[in-house]
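Undergrad: Residues per chain, in single letters:
Protein chains: 2
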Amino acid sequence: MNFLKLFLLFSLLPVAFSHETFDSRLLPRPLILEYPDIAETHFNDLENELRLHCDSWRFSVEANNVNPWKTIPEECAGYVKDYLTGRAYAFDLERVSKEAGVYAKSVELNGDGKDVWIFDIDDTLLSNLPYYADHGYGLKLYEEVLSLGFKVFLLTGRTEGKRKVTVENLNNAGFREWHKLILRSADDHEKLAIIYKSEKRSEMEKEGYRLLGNSGDQWSDLLGTSVALRSFKLPNPMYYIP
Amino acid sequence: MNFLKLFLLFSLLPVAFSHETFDSRLLPRPLILEYPDIAETHFNDLENELRLHCDSWRFSVEANNVNPWKTIPEECAGYVKDYLTGRAYAFDLERVSKEAGVYAKSVELNGDGKDVWIFDIDDTLLSNLPYYADHGYGLKLYEEVLSLGFKVFLLTGRTEGKRKVTVENLNNAGFREWHKLILRSADDHEKLAIIYKSEKRSEMEKEGYRLLGNSGDQWSDLLGTSVALRSFKLPNPMYYIP
Chain R
1 MNFLKLFLLF
11 SLLPVAFSHE
21 TFDSRLLPRP
31 LILEYPDIAE
41 THFNDLENEL
51 RLHCDSWRFS
61 VEANNVNPWK
71 TIPEECAGYV
81 KDYLTGRAYA
91 FDLERVSKEA
101 GVYAKSVELN
111 GDGKDVWIFD
121 IDDTLLSNLP
131 YYADHGYGLK
141 LYEEVLSLGF
151 KVFLLTGRTE
161 GKRKVTVENL
171 NNAGFREWHK
181 LILRSADDHE
191 KLAIIYKSEK
201 RSEMEKEGYR
211 LLGNSGDQWS
221 DLLGTSVALR
231 SFKLPNPMYY
241 IP
Chain X
1 MNFLKLFLLF
11 SLLPVAFSHE
21 TFDSRLLPRP
31 LILEYPDIAE
41 THFNDLENEL
51 RLHCDSWRFS
61 VEANNVNPWK
71 TIPEECAGYV
81 KDYLTGRAYA
91 FDLERVSKEA
101 GVYAKSVELN
111 GDGKDVWIFD
121 IDDTLLSNLP
131 YYADHGYGLK
141 LYEEVLSLGF
151 KVFLLTGRTE
161 GKRKVTVENL
171 NNAGFREWHK
181 LILRSADDHE
191 KLAIIYKSEK
201 RSEMEKEGYR
211 LLGNSGDQWS
221 DLLGTSVALR
231 SFKLPNPMYY
241 IP
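Chains as they are written, first to last, in the working numbering: chain R, 1 to 242; chain X, 1 to 242.
Please keep in mind that the hints were generated in silico from the structure rather than gathered at the bench.
Remember, it's a predicted structure, so these values are computed and weren't measured experimentally.
Heads up, a few of these hints could be off.
Result set (DSS-like, lysine-lysine): computed pairs, CA atoms no more than 25 Å apart in a straight line [what the hints assert, rightly or not]:
id, chain 1, residue 1, chain 2, residue 2
1, X, 151, X, 114
2, X, 70, R, 98
3, R, 105, X, 70
4, R, 191, R, 162
5, X, 105, R, 70
6, X, 98, R, 70
Please work from the sequences and hints to get the whole structure.
TA: In structure tokens, the structure reads:
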């Protein structure tokens, strides 16, 4: 902001130096020097206030302090849209993917085919946002854990009836290899996601799998029982699934 | 930013209108009109880039995706300082406290004296930052859960030898009532915080306490085993304790 002040100083200098010679009726000097400054300050105050507020809401959501939540706060709708359509969401996704990759490479695999990485599907491997849907969202980490020798389990809240379309969606987005795709059976329809997913992870453990990593955009993908050794929370300020 | 552009337009208008009459040798017009604009754009680009990067780092830390971490990324030192000394940290603390309060009021207490809220001490009840140290940091939620009838357990990584000074610190900051203050005994010195705190929570459970809420600035205050029904993560982009 200091640079901005410097710039304003420079841009106003000619006014200061020239006001003796130029026609002061053209634009009254006090108006130029004072009015926009006050209005801009006020506007920036409001903008900063809203950003503080919505930043804080987003942090609380991502740290699972706000829980449950039903909708984006009305006043943060524009903020969330900017976040998702701007570069910040991409930045955040990239970082989670990178951190997960660092961990995946560091963790010692047993190599007996029982080392597991779990992926949620919607807004973890597949995106609802057109840009991300077309740009291999989630694919990088996926390829990485596969090449390291993890067994990949896909654990989704989608129902069994959507198996075929889900496989198509996955294939179309470049995901072609997994050990198991787990969808909700009729028995699981009424369960909270956190219960359903915990039960499925517990079954994996009972089958002797070691749950080393888990990636999901919802805390209900990651918490509960039989949690993975490390969980990676992808950002999602759009909706909350209990 | 549109408003800023408008402001610049207005502030440059007199230059445009007056350049015939004022001494153009004083400050050459192209310099004024072009140079700061480019420099400012470049500066804003860098600033935005750094903010995106450091925002993303902070999110990853608060969502426990970056784990462990040793230091604040060098390039984010100024960002973290601004965050802590500006209003954003206060905003975030306030929100966590508020969300915890909403939950505390909503949860049904058994009323048998076994309903527990756990607080970490450093950077949860007591702050290292001078401003917060003097402004009842953490006190509001503390008073709230006490008045609701929770039993308060203080669970800190400080060692038993610091009991006296810890009590003094707490009293000086306005904390005078708790059920139990648990510090590290000699046996616990070598343990990771997450192990030590899990063990202490497990002991509480064995004594019949219901761990309904837990507030801490470190994930190692909140995760592990015998986790509370709800955990509240206070922001801390300063340091990480495993």
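Undergrad: Measure nothing beyond the straight line between the CA atoms of residue 70 of chain X and residue 98 of chain R; if it is 25 Å or shorter, mark the hint as holding.
TA: Holds, at roughly 17 Å.
Undergrad: Next pair to validate is residue 151 of chain X with residue 114 of chain X; report whether the Cα-Cα distance is within 25 Å.
TA: Holds, at about 7 Å.
Undergrad: Are the Cα atoms of residue 191 of chain R and residue 162 of chain R separated by 25 Å or less?
TA: 17 Å, holds
Undergrad: For the pair supplied as a hint, residue 98 of chain X and residue 70 of chain R, confirm whether the alpha-carbon distance does not exceed 25 Å.
TA: Holds: residue 98 of chain X and residue 70 of chain R sit about 17 Å apart, inside 25 Å.
Undergrad: With a cut-off of 25 Å on the C-alpha distance, tell me whether residue 105 of chain X and residue 70 of chain R pass.
TA: Holds: residue 105 of chain X and residue 70 of chain R sit about 19 Å apart, inside 25 Å.
Undergrad: Going straight from one Cα to the other, do residue 105 of chain R and residue 70 of chain X come out at no more than 25 Å?
TA: Given that 25 Å is the threshold and the Cα spacing comes to 19 Å, the pair holds.
Going down the numbered hints, you'll see the structure goes against none, and every one checks out.
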